[in-house]
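Colleague: This is what each chain is made of:
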Amino acid sequence: MQVAVIKYNAGNVQSVLYALERLGVEAVLTDDLEIISKADRVIFPGQGEASTAMRYLKEKQLDQLIPNLKQPFFGVCLGQQLLCEYSEENDTACLGVFPVKVKKFIPENSFDFKVPHVGWNNLTELKTPLLKGLSDESFVYYVHSFYCELSDYTIATTNYVLDFAGLMHKDNFYAMQAHPEKSGLVGERILRNFLSL
Amino acid sequence: MLTKRIIPCLDIKDGRTVKGVNFVQLRDAGDPVELAKIYSDEGADELVFLDITATVDKRKTLAELVTKVAKAINIPFTVGGGISTVEDVKVLLNAGADKISINSAAVKNPSIINEMALEFGSQCIVVAIDTRNVDGIDFVHTHGGRKPTLLRTQAWAQEVCERGAGEILLTSMDHDGTKAGFANEITAEISSMLSIPVIASGGAGNMEHFKDVFTFGKADAALAASIFHFKEIPIPELKGYLGEVDIAIRK
Numbered sequence: 001m002q003v004a005v006i007k008y009n010a011g012n013v014q015s016v017l018y019a020l021e022r023l024g025v026e027a028v029l030t031d032d033l034e035i036i037s038k039a040d041r042v043i044f045p046g047q048g049e050a051s052t053a054m055r056y057l058k059e060k061q062l063d064q065l066i067p068n069l070k071q072p073f074f075g076v077c078l079g080q081q082l083l084c085e086y087s088e089e090n091d092t093a094c095l096g097v098f099p100v101k102v103k104k105f106i107p108e109n110s111f112d113f114k115v116p117h118v119g120w121n122n123l124t125e126l127k128t129p130l131l132k133g134l135s136d137e138s139f140v141y142y143v144h145s146f147y148c149e150l151s152d153y154t155i156a157t158t159n160y161v162l163d164f165a166g167l168m169h170k171d172n173f174y175a176m177q178a179h180p181e182k183s184g185l186v187g188e189r190i191l192r193n194f195l196s197l
Numbered sequence: 001m002l003t004k005r006i007i008p009c010l011d012i013k014d015g016r017t018v019k020g021v022n023f024v025q026l027r028d029a030g031d032p033v034e035l036a037k038i039y040s041d042e043g044a045d046e047l048v049f050l051d052i053t054a055t056v057d058k059r060k061t062l063a064e065l066v067t068k069v070a071k072a073i074n075i076p077f078t079v080g081g082g083i084s085t086v087e088d089v090k091v092l093l094n095a096g097a098d099k100i101s102i103n104s105a106a107v108k109n110p111s112i113i114n115e116m117a118l119e120f121g122s123q124c125i126v127v128a129i130d131t132r133n134v135d136g137i138d139f140v141h142t143h144g145g146r147k148p149t150l151l152r153t154q155a156w157a158q159e160v161c162e163r164g165a166g167e168i169l170l171t172s173m174d175h176d177g178t179k180a181g182f183a184n185e186i187t188a189e190i191s192s193m194l195s196i197p198v199i200a201s202g203g204a205g206n207m208e209h210f211k212d213v214f215t216f217g218k219a220d221a222a223l224a225a226s227i228f229h230f231k232e233i234p235i236p237e238l239k240g241y242l243g244e245v246d247i248a249i250r251k
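Those protein sequence lines, which keep their order, are chains V and B. The opening residue of the first sequence carries number 1 in UniProt numbering; numbering runs sequentially from there. The opening residue of the second sequence carries number 1 in UniProt numbering; numbering runs sequentially from there.
It should be emphasised that the hints constitute simulated quantities derived from the structure, not laboratory data. Just so we're clear, the structure is a prediction, and the values are computed from it rather than from any experiment. Possibly wrong hints are sitting among the right ones.
The calculated DSBU-like cross-link candidates involving lysine-lysine, where the alpha carbons are at most 35 Å apart (straight line), are [said to hold, decoys possible]:
| hint | chain 1 | residue 1 | chain 2 | residue 2 |
| --- | --- | --- | --- | --- |
| 1 | V | 101 | V | 70 |
| 2 | B | 60 | B | 37 |
| 3 | V | 38 | V | 58 |
| 4 | B | 251 | V | 103 |
| 5 | B | 251 | V | 7 |
| 6 | B | 251 | V | 127 |
| 7 | V | 103 | B | 179 |
| 8 | B | 90 | V | 60 |
| 9 | V | 38 | B | 71 |
| 10 | B | 211 | B | 60 |
| 11 | V | 70 | B | 71 |
| 12 | V | 101 | B | 90 |
| 13 | B | 211 | V | 104 |
| 14 | V | 7 | B | 71 |
| 15 | B | 179 | B | 60 |
| 16 | B | 218 | B | 251 |
| 17 | B | 90 | B | 13 |
| 18 | V | 7 | V | 132 |
| 19 | B | 60 | V | 132 |
| 20 | B | 68 | V | 132 |
Isolated chain V (complex conformation) (with noise of 0.2 Å):
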């Protein structure tokens, strides 16, 4: 199986390329059109700011490319959000292939909602293949300031100020607002699951 990790301005996709690596999958860190659209897996990891991501993604046309694509893709963190229509951070346009938007956390006490949400939470109403195996007191990590909005496409719900969506899942796109390479055997899980859609 080819694996494709989409390479872009983005921090630690490295620590993505281990976890697949753990699993037992050489992935392939790349920006070529020709190899993402052949790839069997596509994985969209992220760590950043949107607008400067989006506008590396313009350059590279990955923006044209990502939402065409046919085969199960997974967005990551803001990889997550990227994959939405737009995004509170800059005042971001982004991929749209998720007709959500992306808030800023705003909590009216900050000693109990501290921003970014850092640590370990839970997933609730889990569905969906993507997250076979796993129960509602799966913990994953997240760091994050701003989240997608609870839609149709939210297939888990994780509650931090609000309930927002954890992870979102449409034709053949999956994202997730938490790292699954750093969420210990639920992570895992999930992403073995992405590799076995």
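Given chain V's structure and the hints, the job is docking chain B onto it.
Modeller: Relative to chain V, chain B alone:
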């Protein structure tokens, strides 16, 4: 529900794990990669590696260790010790660290926090603050807690937050190595004051100390070293206990 984090800290010297009692005497507690893997499997929520003898020529050794750790474990980890430039941070993040922590370098040149946060994002910049109470006033100390500064701990915590730190690792030098409990008072004061998470460090001796620092101390995470390394408190037992006393914890 967001859970409180339990963070074993591995002090690294020449590629091996050590833990100083009050940072002076060192004992060897093993291979860092192996230890990291054990902690990760046992349910540690995160790890911190502090290279206590980091010097320029040791930087490459540290980066190699970071890569080995990143390949071996599936939980986040922070690397600190002797980091002073944007380039230092880049090397360690590229090697696979999730976050880096800076201490003395930030005190010496506070604007480095802004530069690092801008370049890599606040989420991966942890500012470590070593504090000691001198005649009733909390002062920041540097160089492993040996060197006092004129900075008030509370004011410095506020400043690093404003400059873009993503988290604060607060070590009480008065409590470190004593096993008499965390410095709950100043931890609570700083945690309540700031909009970023505070990791409490120094003084863990028993399981109740963790409960106290999460309740009275209002800490978001608690860090300890020797009690974990020498198996005085096994992590699964600690998490079981915290669950029983109604602390939100990852099972």
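Colleague: If a hint holds in the structure, say so; if it does not, say that too.
Modeller: Hints and how they fare:
Distance hint between residue 101 of chain V and residue 70 of chain V is fulfilled; the C-alpha atoms sit about 23 Å from each other, no more than 35 Å. In summary, the hint linking residue 60 of chain B to residue 37 of chain B is supported, as the alpha carbons are separated by about 22 Å, within the 35 Å threshold. A hinted pair counts as satisfied when its Cα atoms are at most 35 Å apart, and residue 38 of chain V with residue 58 of chain V qualifies at roughly 20 Å. Proximity of residue 251 of chain B to residue 103 of chain V is assessed by CA-CA distance (about 29 Å); at most 35 Å being required, the pair is judged to hold.
With a CA separation close to 34 Å, the supplied pair residue 251 of chain B and residue 7 of chain V stays within the 35 Å bound. Restraint check for residue 251 of chain B and residue 127 of chain V: the C-alpha separation of about 21 Å stays at or below 35 Å, so the hint holds. For the hint pairing residue 103 of chain V with residue 179 of chain B, the CA-to-CA distance comes to about 43 Å; that exceeds 35 Å, so the pair is violated. Taking the CA atoms of residue 90 of chain B and residue 60 of chain V, the gap is near 23 Å; set against the 35 Å cutoff, the hint holds.
For the hint pairing residue 38 of chain V with residue 71 of chain B, the CA-to-CA distance comes to about 27 Å; that is within 35 Å, so the pair holds. Of the pairs offered as hints, the one joining residue 211 of chain B and residue 60 of chain B is violated, with about 38 Å between alpha carbons and a cut-off of 35 Å exceeded. Between residue 70 of chain V and residue 71 of chain B the CA atoms are separated by roughly 30 Å; this keeps the pair inside 35 Å, and the hint holds. This hinted pair checks out: residue 101 of chain V and residue 90 of chain B have alpha carbons roughly 32 Å apart, not beyond 35 Å.
Proposed proximity of residue 211 of chain B and residue 104 of chain V is supported: the alpha carbons are some 31 Å apart, at most 35 Å. Distance restraint check for residue 7 of chain V and residue 71 of chain B: the Cα-Cα separation of roughly 19 Å lies within the 35 Å cut-off, and the hinted pair is therefore satisfied. As the CA atoms of residue 179 of chain B and residue 60 of chain B are separated by approximately 34 Å, the hinted pair is consistent with the 35 Å bound. Distance check on the hinted pair: residue 218 of chain B and residue 251 of chain B sit about 20 Å apart at the alpha-carbon level, within 35 Å; holds.
A hinted pair counts as satisfied when its Cα atoms are at most 35 Å apart, and residue 90 of chain B with residue 13 of chain B qualifies at roughly 21 Å. In summary, the hint linking residue 7 of chain V to residue 132 of chain V is supported, as the alpha carbons are separated by about 28 Å, within the 35 Å threshold. For the given pair, residue 60 of chain B sits about 41 Å from residue 132 of chain V by alpha-carbon distance, which is inconsistent with the 35 Å threshold. Of the pairs offered as hints, the one joining residue 68 of chain B and residue 132 of chain V holds, with about 30 Å between alpha carbons and a cut-off of 35 Å not exceeded.
The structure shown violates the earlier hints numbered 7, 10 and 19.
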